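K.L.:
If you read the sequences in order, they're chains W and C.
In terms of this note's numbering, the first sequence is residues 1 to 241.
In terms of this note's numbering, the second sequence is residues 1 to 225.
The set of hints was computed from the structure by calculation and includes no laboratory data.
Warning: the hint list may mix true and false statements.
[What the hints assert, rightly or not] Keeping only pairs whose Cα atoms sit at most 30 Å apart, straight-line, the calculated DSS-like set for lysine-lysine is:
#1 W/K196 x W/K115
#2 W/K234 x W/K115
#3 C/K160 x W/K234
#4 W/K153 x C/K22
#5 C/K22 x C/K6
#6 W/K83 x W/K234
#7 W/K153 x W/K83
#8 W/K153 x C/K13
#9 C/K13 x C/K160
#10 W/K83 x C/K22
#11 C/K160 x W/K153
#12 C/K22 x C/K160
[Stated by the list, open to error] From the derived model, a few chain W residues whose C-beta atoms are all more than 12 Å from chain C:
#13 L21
#14 S23
#15 I24
#16 T28
#17 F29
#18 D46
#19 V75
#20 L101
#21 T123
#22 R127
#23 F161
#24 D168
#25 E229
#26 L233
#27 E235
#28 Q238
All values reported here derive from a predicted model rather than from experimental measurement.
In this text, a Cβ means the ideal position worked out from N, Cα and C, and glycines have one as well.
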Amino acid sequence: MPQQKPATRPSAGLRPGRGGLGSIAVITFILIAVAQYMIFMYVPDDATLGLIQRIFYFHVASAWNALLAFGVVFVASILYLAKGERRYDALAYSSAEIGVLFTSLVLITGPIWGKISWNQWWTWDPRLTTTLILWFIYVAYLLIRMAADEPEKRARFAAVFGILGFIDVPIVFFSIRWWRTIHPVVISWQGAAMEKSMLQTMIVSFVAFSFLFVYLLINRLRVEAMQDEVAQLKERLQGTR
Amino acid sequence: MSFLRKVGLLAWKDLRAEFRTKEMISAMLIFALLVIVIFAFAFDPSRDEVRSIFGGLIWVAFFFAGILGLNRSFANERLNDALHGLMLSPVDHSAIYFGKLLGTWAFMTIVEVIALPVFIVIYNYAPSGSWLLAIAVILLATLGFVAIGTFLAALTANTKASEVLLPVILFPIIIPVVIGAVEATRGVFGGLPLDDFVTWFKVLAVYDAIFIAVPFLLFEYLLEV
Numbered sequence: 001m002p003q004q005k006p007a008t009r010p011s012a013g014l015r016p017g018r019g020g021l022g023s024i025a026v027i028t029f030i031l032i033a034v035a036q037y038m039i040f041m042y043v044p045d046d047a048t049l050g051l052i053q054r055i056f057y058f059h060v061a062s063a064w065n066a067l068l069a070f071g072v073v074f075v076a077s078i079l080y081l082a083k084g085e086r087r088y089d090a091l092a093y094s095s096a097e098i099g100v101l102f103t104s105l106v107l108i109t110g111p112i113w114g115k116i117s118w119n120q121w122w123t124w125d126p127r128l129t130t131t132l133i134l135w136f137i138y139v140a141y142l143l144i145r146m147a148a149d150e151p152e153k154r155a156r157f158a159a160v161f162g163i164l165g166f167i168d169v170p171i172v173f174f175s176i177r178w179w180r181t182i183h184p185v186v187i188s189w190q191g192a193a194m195e196k197s198m199l200q201t202m203i204v205s206f207v208a209f210s211f212l213f214v215y216l217l218i219n220r221l222r223v224e225a226m227q228d229e230v231a232q233l234k235e236r237l238q239g240t241r
Numbered sequence: 001m002s003f004l005r006k007v008g009l010l011a012w013k014d015l016r017a018e019f020r021t022k023e024m025i026s027a028m029l030i031f032a033l034l035v036i037v038i039f040a041f042a043f044d045p046s047r048d049e050v051r052s053i054f055g056g057l058i059w060v061a062f063f064f065a066g067i068l069g070l071n072r073s074f075a076n077e078r079l080n081d082a083l084h085g086l087m088l089s090p091v092d093h094s095a096i097y098f099g100k101l102l103g104t105w106a107f108m109t110i111v112e113v114i115a116l117p118v119f120i121v122i123y124n125y126a127p128s129g130s131w132l133l134a135i136a137v138i139l140l141a142t143l144g145f146v147a148i149g150t151f152l153a154a155l156t157a158n159t160k161a162s163e164v165l166l167p168v169i170l171f172p173i174i175i176p177v178v179i180g181a182v183e184a185t186r187g188v189f190g191g192l193p194l195d196d197f198v199t200w201f202k203v204l205a206v207y208d209a210i211f212i213a214v215p216f217l218l219f220e221y222l223l224e225v
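Please model the entire structure based on the sequences and the hints provided.
P.N.:
Put into structure tokens, the structure is as follows:
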């Protein structure tokens with residue numbers, strides 16, 4: 001059997017225990033259920049926007065999760081380059097996938113809300129545009145992972161791009177903001193002074209979505225660990241043949 | 001040998017190789033011209049609005065042409081394993097990055113300097129404003145583009161489907177350069193007072209500084225084999 005580099009060996013710490021996952025699943029389920037109840041039953045219709053305003057609890061919580069996920073990618077990428085351990089690579093990859101998922105949700109729920117309340121699907125507002133670019137950057141991250149074939153090289157390239165992309169995001173945001181101040185701004189963001197029940201619902205949604213993120217991340221990490229195991233078993237099989 | 005001299009020699013190597021065939025520069029130039037000609041069919045080129053979008057048009061052409069050059073910059077070194085030769089030569093790996101950066105920067109600037117007058121002629125555009133500022137915009141924006149472009153070209157050169165991958169991963173990252181270049185060019189050629197668009201010079205300069213520093217730190221990780 002060929003000698004493996006430490007970077008490609010699945011680390012024992014990668015695989016979380018079954019028991020911990022179960023309790024997180026239960027907590028996530030209850031929190032999501034409570035959040036749904038609050039969003040659809042507890043909170044009143046928005047005075048000006050009406051029913052459609054309820055999509056905001058999903059929208060903002062998804063945006064929060066996306067940010068969280070890409071932050072994890074950034075930190076895990078740095079750790080991977082510093083230590084070269086496979087588990088940091090797995091963490092960055094899993095988190096990036098989940099981040100792209102939630103960014104997609106933000107980009108889908110946003111225009112649905114915008115069509116009703118702004119009467120147009122899209123505006124080239126700094127926040128919207130930055131989110132779109134963010135989506136492109138992390139889709140690019142996933143494409144790099146698909147294009148590099150050796151696991152060690154894939155991990156290294158992805159980590160480099162994960163760091164680069166995260167540094168780029170604030171620069172993109174500010175340049176787009178200055179760009180929009182030169183052009184006429186069609187829609188301005190009203191300062192949102194939220195009603196008490198709305199704030200409660202928003203906080204519960206945030207917490208529920210954060211748990212959902214952790215739950216998805218742990219599950220995704222387990223899949224990575226299993227894939228590593230399958231790869232190792234395959235290699236052993238070929239060795240005995 | 002000083003670091004700068006090593007960088008200069010590495011860039012000189014690329015320039016000499018290119019000037020023997022002129023393969024890449026001519027392809028980039030023709031492609032840039034074609035993009036501008038295609039644009040003429042996308043809208044009515046004799047309309048007055050062309051004046052306000054001219055800055056955007058030229059940069060789309062330049063950046064698209066630049067992708068051609070970047071795709072070749074490291075792919076060429078893979079022939080006969082030349083990249084390993086470079087890595088074994090007694091220079092710091094970052095010198096390879098800066099050498100490649102300088103070479104591509106020179107190629108793109110040459111293409112831009114030749115293509116820009118042609119664009120102005122075929123669109124009957126009458127630029128006002130200072131030529132010195134125009135040159136500054138071209139140099140700064142092109143530097144930002146090749147700084148990050150060279151870095152990512154080194155990354156994609158080591159993957160399958162490298163030529164397809166580079167534009168897809170490069171364009172989202174260079175959005176600030178695109179905005180800065182277009183707005184600064186609009187300001188300079190529109191003859192606006194400097195105060196109106198000096199922000200964009202700052203954006204370009206800051207972007208250049210950051211995206212020369214970050215690859216400088218991370219380039220080592222792309223070259224390990």
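K.L.:
So, for every hint listed, does it hold in this structure?
P.N.:
Verification of the hints:
1. Simply put, W/K196 and W/K115 have alpha-carbon atoms about 26 Å apart, close enough for the 30 Å limit, and the pair holds.
2. Simply put, W/K234 and W/K115 have alpha-carbon atoms about 52 Å apart, too far for the 30 Å limit, and the pair is violated.
3. Proximity of C/K160 to W/K234 is assessed by CA-CA distance (about 24 Å); at most 30 Å being required, the pair is judged to hold.
4. This hinted pair does not check out: W/K153 and C/K22 have alpha carbons roughly 33 Å apart, beyond 30 Å.
5. For the hint pairing C/K22 with C/K6, the CA-to-CA distance comes to about 24 Å; that is within 30 Å, so the pair holds.
6. Note on W/K83 and W/K234: the hinted pairing holds, with a Cα-Cα distance of about 27 Å set against a maximum of 30 Å.
7. About 15 Å separates the Cα atoms of W/K153 and W/K83, which keeps this hinted pair within 30 Å; it holds.
8. Of the supplied pair hints, the one linking W/K153 and C/K13 holds, its CA atoms being roughly 28 Å apart against a limit of 30 Å.
9. At most 30 Å may separate the alpha-carbon atoms for a hinted pair to count; C/K13 and C/K160 meet this at roughly 26 Å.
10. Proximity of W/K83 to C/K22 is assessed by CA-CA distance (about 44 Å); at most 30 Å being required, the pair is judged violated.
11. Proposed proximity of C/K160 and W/K153 is supported: the alpha carbons are some 12 Å apart, at most 30 Å.
12. Straight-line distance between C-alpha atoms of C/K22 and C/K160 comes to about 27 Å, which keeps the hinted pair within the 30 Å bound.
13. With 12 Å as the threshold on Cβ separation, the claim that W/L21 sits away from chain C holds: the shortest Cβ distance comes to roughly 33 Å.
14. The claim that W/S23 lies off the interface holds: its Cβ sits roughly 38 Å from the closest Cβ of chain C, which is beyond the 12 Å cut-off.
15. At roughly 33 Å from the closest C-beta of chain C, the C-beta of W/I24 stays outside 12 Å, upholding its exclusion from the interface.
16. Residue placement check: W/T28 keeps its beta carbon more than 12 Å from all beta carbons of chain C (closest about 32 Å).
17. At the 12 Å boundary, the C-beta of W/F29 stays outside the reach of chain C, the nearest C-beta of that chain being 36 Å off.
18. W/D46, annotated as away from the interface, keeps every beta carbon of chain C farther than 12 Å; the closest lies near 33 Å.
19. Interface exclusion of W/V75 from chain C stands, the closest Cβ pair being 16 Å apart, more than 12 Å.
20. Against the 12 Å criterion, W/L101 stays outside the reach of chain C, whose nearest CB is about 18 Å from its own CB.
21. In this structure W/T123 is separated from chain C by more than 12 Å, as the shortest Cβ-Cβ distance comes to about 17 Å.
22. A cut-off of 12 Å between C-beta atoms confirms that W/R127 is not in contact with chain C; the least separation is 14 Å.
23. A cut-off of 12 Å between C-beta atoms contradicts the statement that W/F161 is not in contact with chain C; the least separation is 7 Å.
24. Chain C draws W/D168 into its interface by the beta-carbon criterion, the shortest separation being 5 Å against a cut-off of 12 Å.
25. Listed as a non-interface residue, W/E229 keeps its Cβ farther than 12 Å from every Cβ of chain C; the least gap is roughly 25 Å.
26. Every CB of chain C lies more than 12 Å from the CB of W/L233, the least distance being 25 Å, so the non-interface label holds.
27. The claim that W/E235 is not at the interface with chain C holds, since no C-beta of that chain comes within 12 Å of its own (minimum 21 Å).
28. Interface exclusion of W/Q238 from chain C stands, the closest Cβ pair being 23 Å apart, more than 12 Å.
Hint compliance for this structure: hints 2, 4, 10, 23 and 24 are broken, all remaining hints hold.
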